[in-house]
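Chain order of the listed sequences is G and A.
Just so we're aligned, residue 1 is where the first sequence starts under the working numbering, counting upward by one.
Just so we're aligned, residue 1 is where the second sequence starts under the working numbering, counting upward by one.
Warning: the hint list may mix true and false statements.
[Stated by the list, open to error] Output of the computed footprint for chain G on chain A, the stretches with three or more beta carbons under 8 Å from beta carbons of chain G:
(1) 90-101
(2) 120-128
(3) 175-186
[What the hints assert, rightly or not] Pulled a few chain G residues facing chain A out of the computed Cβ check, cut under 10 Å:
(4) M1
(5) F58
(6) G113
(7) G246
(8) H283
The set of hints was computed from the structure by calculation and includes no laboratory data.
For each residue, glycine too, the CB sits at the ideal point set by N, CA and C.
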Amino acid sequence: MTIPKLFLSAVVALAVGAAVAAFGGSGKVLSLLTQAVIYAVFAIGVGLLLRQNGMVSFGHALFFGTSGYAIGIILQMQLMPAEAAIILTLIAMGLIAFLMGLVMVRVPGVAFGMLTLAVGQMAFLTASRSRGVTGGADGMNVDWPSTLFGAPVSELVKPHTMFMVCWATLVVVMLVLALLLRSRFGSITEAVRDNEERARFIGIRTLAPRAAVYALSAMVVGLAGVLSALNTGFVSPENLHWSLSGVSLMMVVVGGYKVLWGPALGAVVYFLAKDILGDYANHWMAIFGVALITVIVFSPTGIAGALQRLVHGKKAAPAARASHGH
Amino acid sequence: MLTINLFNGLVYGALLIVMCSGLALIYGLRRVVNFAHGSLYMLGAYLGYSIAMRSNFWVALVAVPAIMALLGVLLDRYGFRLLQDRDPLSVVLVTFGLLLIIEDFVQTVWGKSNLSVPAPAALSTSIDLFGTPVPAYRLAVIAVGAGVALGLTLWLRYSKVGLFVRAASTDPTTTAMQGVNTDALSAGVVGLGTALAGLAGVVSAPFLSLSPSMSSDVIIDSFVVVVVGGLGSLSGAFIAAMGLGMVQALGAVYLPNAAVLLPFMLMVGILIWKPSGFAGSRT
Chain G
1 MTIPKLFLSA
11 VVALAVGAAV
21 AAFGGSGKVL
31 SLLTQAVIYA
41 VFAIGVGLLL
51 RQNGMVSFGH
61 ALFFGTSGYA
71 IGIILQMQLM
81 PAEAAIILTL
91 IAMGLIAFLM
101 GLVMVRVPGV
111 AFGMLTLAVG
121 QMAFLTASRS
131 RGVTGGADGM
141 NVDWPSTLFG
151 APVSELVKPH
161 TMFMVCWATL
171 VVVMLVLALL
181 LRSRFGSITE
191 AVRDNEERAR
201 FIGIRTLAPR
211 AAVYALSAMV
221 VGLAGVLSAL
231 NTGFVSPENL
241 HWSLSGVSLM
251 MVVVGGYKVL
261 WGPALGAVVY
271 FLAKDILGDY
281 ANHWMAIFGV
291 ALITVIVFSP
301 TGIAGALQRL
311 VHGKKAAPAA
321 RASHGH
Chain A
1 MLTINLFNGL
11 VYGALLIVMC
21 SGLALIYGLR
31 RVVNFAHGSL
41 YMLGAYLGYS
51 IAMRSNFWVA
61 LVAVPAIMAL
71 LGVLLDRYGF
81 RLLQDRDPLS
91 VVLVTFGLLL
101 IIEDFVQTVW
111 GKSNLSVPAP
121 AALSTSIDLF
131 GTPVPAYRLA
141 VIAVGAGVAL
151 GLTLWLRYSK
161 VGLFVRAAST
171 DPTTTAMQGV
181 NTDALSAGVV
191 GLGTALAGLA
201 GVVSAPFLSL
211 SPSMSSDVII
221 DSFVVVVVGG
231 LGSLSGAFIA
241 AMGLGMVQAL
251 GAVYLPNAAV
261 LLPFMLMVGI
271 LIWKPSGFAG
281 SRT
């Protein structure tokens, strides 16, 4: 896709979002979609790590929950205006994740996933136990000021504006990532992912780019955490729990991580499926477990891969298979 | 106070040994990190509960590992064997899907409330240990852990099948070329690993209560153990399991606020020092 085309798709996507917000029906439908869009941002962050780095994180809820808590605590202590808190949180998230990444991405393969799980669980336990600061297992309210970036918060939290804010964030995140991955950064990280040793031979430092991808994915997930804190006005240890990381990973895999929009599709499918299941939602774990296994066994590139094969015909299939299995 | 804490550390370490030896065996042969291992442990504990309620604890102690072994063989035959050419991460995700299914199954059959299994009558006394009375049942748990560690070590080192297992863990292709039926071997080893998860479940039931969260508590600690010990290394896992039990026990006495975080800090520290674990050489 050329750069003008990318911008054009972003504008079209924004227009579609505006149409959905305007004519999308009841507040209930919109708030469901809003949730789906927030998790789409989350899943894109997790998918980015898998796509550009080949690493599976079982602990990205760490960044989702931490950003919400960070803002909640800053606002509670009235350390700075909310706008500054959001920006500072995201930057700090990126820096901390980069430093963590320098250590963590050196851990090979599946052990990396287990390490992320342990670090995430550490944050979960800390948040559940520090009653004084985080409200412990009960969670804490995020006291948003009356205006945010010049817009009244009471207006922002209305279903259609909230949806539009989240949708626009999603579109901007995807546009920025798409542009970034076309650049030299994208090529370097792909080279490192495909064969770290060869990348080193041609003179690429491999550790920093991998840590940078980790940091970038953490920032995207952190942004989703901010949106969630804005949407619900509430953070609890549930936002840090490993099952949330697992769900996000499921969205990534079911949606398909080979393309940028796959995880977002996975998130939307997840929420729609959960809503349609309704009465059977008590058994969502088993249903999604079966769905996850089915997708991995029969369509490792996820729904996005299956759609691409449908659109491009059989020609795309061998290419998809060849690029599989790094 | 200190004695009882150290003792409880040993008990938990022993339980982790039984759990982690299963994880390490399966990883060794199939290169699969079984995320469902904790759920299989939970399934074992609940099955043990049902059997113990209908007959007695000793029947459960024999029957549950047998049932779980069968389940493990099926899991290998219709799961891991069919997926062995896939990249390891997709197999990990399949086991994650399995985890969700088993958790749902357990919650549907046994409900979400806490259940408990009484210790068998023969072991519900207490024994004097260095002047501190300790429950005999917990002493038996330590014995089970030690027995599993010793039994597996001897089996792998001195039996012919053990030799095959070690060979196939190092290089499955060459081992198969030498005439070892690695598929049957893997089925057996995954069966054994799953049976050990079931055994850990039954054994833990009388001293930890049964609840839907029991699987995630143990699986996360088990992951810490196998990652710290080095993936696939049994002796590394044994040492790390005992170490984790001790760290938690001593942490509860000396650093009560940070006790739950200590295992993770230990893990991060060791991985910074040696990214493949202290006994691990493979990547």
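Hint compliance check: list the failing hint numbers for this structure, sorted ascending.
2, 3, 4
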